[in-house]
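*Asks:* Keeping their order, the protein sequence lines are chains A and F. Going by this note's numbering, the first sequence wraps up at 1819, each residue one higher than the last. Going by this note's numbering, the second sequence wraps up at 414, each residue one higher than the last.
Please note: incorrect hints may appear among the correct ones.
Restraint ranges, calculated between C-beta atoms of paired labels, are given here [to be verified]: (1) F:Gly72 <-> A:Tyr1717: 32 to 38 Å; (2) A:Arg1645 <-> F:Ala198: 21 to 27 Å; (3) F:Val241 <-> A:Gly1499: 27 to 33 Å; (4) F:Gly232 <-> A:Glu1485: 36 to 42 Å.
Away from chain F, derived, C-beta distances all over 12 Å, residues of chain A [as the list claims (entries may be wrong)]: (5) Lys1436; (6) Asp1519; (7) Ile1543; (8) Ala1669; (9) Ile1677; (10) Ala1682; (11) Thr1704; (12) Gly1720; (13) Ile1772; (14) Asp1791.
Simulated from the structure, these hints should not be mistaken for laboratory data. A virtual CB, placed ideally from N, CA and C, is assigned to each residue, including glycine.
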Amino acid sequence: MLATPTPAHPRSLPRWAALAVGLTLAACEADVADACADKTKGTMCDFMGSLGKSGLGKDGVTPLQGRLYWPQDLAFGPDGLPYVLDWNNHRVRRVNAAGRIETVIGIGELGDAPDGPALETRLNHPTHISFSPIGDLVLSAWHNSKVAKVSLSAGTIKSICGTGGRSYAGDGGPADKAVLDLPVAAVFDSLGRLIIADQANQRLRRIEADGTIHTIFGPGPEWVHDSQAKVCALDANGANVCKFCAKDAAADPACKGEPAKRPSGFAGDGGVGKDARMFTYFGQEAGPAGRIDIDADDAIYLADSGNHRIRKMTKDSKVSTFAGSGPATYDATYDGGLSGDGGPANAAKLRSPRDVAVGKDGTVFIADTGNHCVRRVKPDGVIDTVAGICGKAGRDAAGGPAAATRLDRPYGVAVGPDGNLYIADTYNFVFRVVYL
Amino acid sequence: MQDQEKTLHRGASRWTQAGQWAVVWVAAALGAACESETPSSEPRPCEGAAGTICTIIGNGEAGYDGDGNPLLLSSLYWPIDVTVHADGRTWVIDWNNHRVRQVQGDTLQSVIGSDTLGDGPDDHSDLKPEGAVGTLVNLNHPTQLVPMDDGSLLLVAWHNHKLRKFDPTTGRVHVVVGASAGHSGDGGAAKAAQLDQPQAVAKDGKGGLYVLDQRNQVVRHIDAGGVIHTVAGSVKGDGFAGDGGKPLEAKFSFPKGSNPPPGGWVAVDAKGRVYVSDTLNHRIRRLDLAAQSVETVAGTGEAGYGGDGGKGPEAKLNNPRKITFGPDGRLYIGDEKNHRIRALDVETLAITTVVGDGKPAFAGDFGPADKASLWRPIGVSFNAQGEMLVVDTYNHRIRRVIGAIGGK
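Put together the whole structure using the sequences plus the hints.
*Replies:* Dropping the structure here:
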């Protein structure tokens, strides 16, 4: 079912009736007729939205009758349904079990993502969804600077990390008191810890089992005052160490100093997370950047957009470049490149990748956003292109080979439970699927 | 529907009689979804007797289908204002499409704004002397466009915290006020000052401007020499206070927080008095900066609807948005959550409803304006003929009330 983009074909009806349904749909919307009868390997089909038509559209219609506005990403829930980030509509929508578009989070108006009924909350440009081990939806409410948990059964939303202020604060303390700055994505590791890509803070942070938050990629605060005037910090082994310290004890270097503000750059390959630097865009013109995914061994893959690389951090904090290449230090004049298919991924060039997704077999898909294509790194480390014509933005109808169908700035990739590749073809306003 | 019937008819001969009936049943069951995507009829031009309301721009579908479609088949998304120049040129501030679109013939053409959300062109050329091509300037929720005396147009780039100047002859855009969000620069050149989500501006009649600086909760003034000052309100201090006191001791209440919806507006009357649409106080305030006074001219402070036929201060408003003076000298109010346009005589303070029956819906085109339904109208403007244009925001349409609004 998941791979079937037209769930309006009920299997229980006789074949002629199904054909009639198909004809009915085709007749009333010829432009979105199912051109994708061919679901053979390598074909690209539209999955949700109307190619080239941005808008709000209506709930209650079939996925291809609907409209989306700059869709960012999608994720499949434990219920098998796709949940999508309808970015400029400030909503999360899904294709429900009846095969119809349904809004599940957000009233669509701007606000500070208040807790309460999920359909009444006011989001500002949400960017990512993942699901907790017990099936709660976790939403990265990007411009709200909050990560929130949504109970789909109760229809409620509650912030779990981020006060809504935009800054870097709170390490060592409870996650709900911490301050984030444009959290763009959040994923769970195998221990149930939530890793947050804190875009404008240039860091990855992690909510531990005890509910506290720490920085795991990028510099953490040297020391953090807790409620008892202790100062706490992670030691080299990642343990939280606290000691008493008068707040005015300027003589003790551990007791002063502001954490680095937006420590962007490129550094740390071959070292550990706290010494590493990323460059994920910030400032008023910044779009979503720096999404993450995690593999079966708890290695984190980071779309290090401004460095035009995919970084990898293993569970023992070893950092490397997994794909992409560029200058040895951050260089604002280097705006990425396009090369390397057929060779090792970390010798290839990417341009402003915004998302990454790991398949069951360890294949890594890269939204090579600035190149308008999706790259693929197979477990043998060789990179190729799986969708779009790299270097050429366009608005091509679906139904043909994915590698001959142009995309326009795809911001998101995901692997479905069916093993197929789902692409947020953001500036074409559609989600597309590539059969693999 | 005709195409659909033909398609079914062509296919029917291949099926059994029983099959045909089942096909009809299945088609009927799916008909609703199909019909909803089909335009119900040809768009009807906006014509009729004085006092008739009809849609002039927008098909009611929230979105952006590209430029160049006929006006009545064009999609808007939460339009917030419409600007009409004395020479008839007309622009729609298409808020959630992040574009300024000009009426050209029977179409809309984007003149400022690109296909990307952001803040200026990628090369930042709107900060340089050469300026930027308007359609390469990324915007984030523009709220107003004001014709200036020098022929340029001033764009209030709300979520960019900036004022941008657009030269319609060259199509070029320059940033003229603002940088990142904040409140700074008072006493100095406005160009270097910080604003925080400016919502609207109003010309002071002396070559200067008032700026409704929403998230700073204040009104600022940029004089003809380009120097900026805060003239009313308390910086970041929202509330309700100050009637009977001095403007800088007053408090307004505009939407706040990190991600507020837009709110507040400013207008100036012929005597130079300044009017503030004090949205979350559900009032219209009046400032006399020469006399250093503040008063409420409409709204009791309680959100609601009532008081037509009486005096403004005894009447209720609900989330008032744009305010602007009509050709009859009255102050027109986009009374958003009452789904009505109100008019206030600023001398007698008589208030009345001029458009909208209060039902949040799209209804009443080609009937009398006061019987029509609007849905959260934010803007109201007047065209060169003195006719009222209603920005019917949640209906994603611009509607016109036929007939000039004359003198009193």
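*Asks:* Please write out, lowest number first, the hints stated earlier that are contradicted by the structure.
*Replies:* 4, 5, 8 and 14
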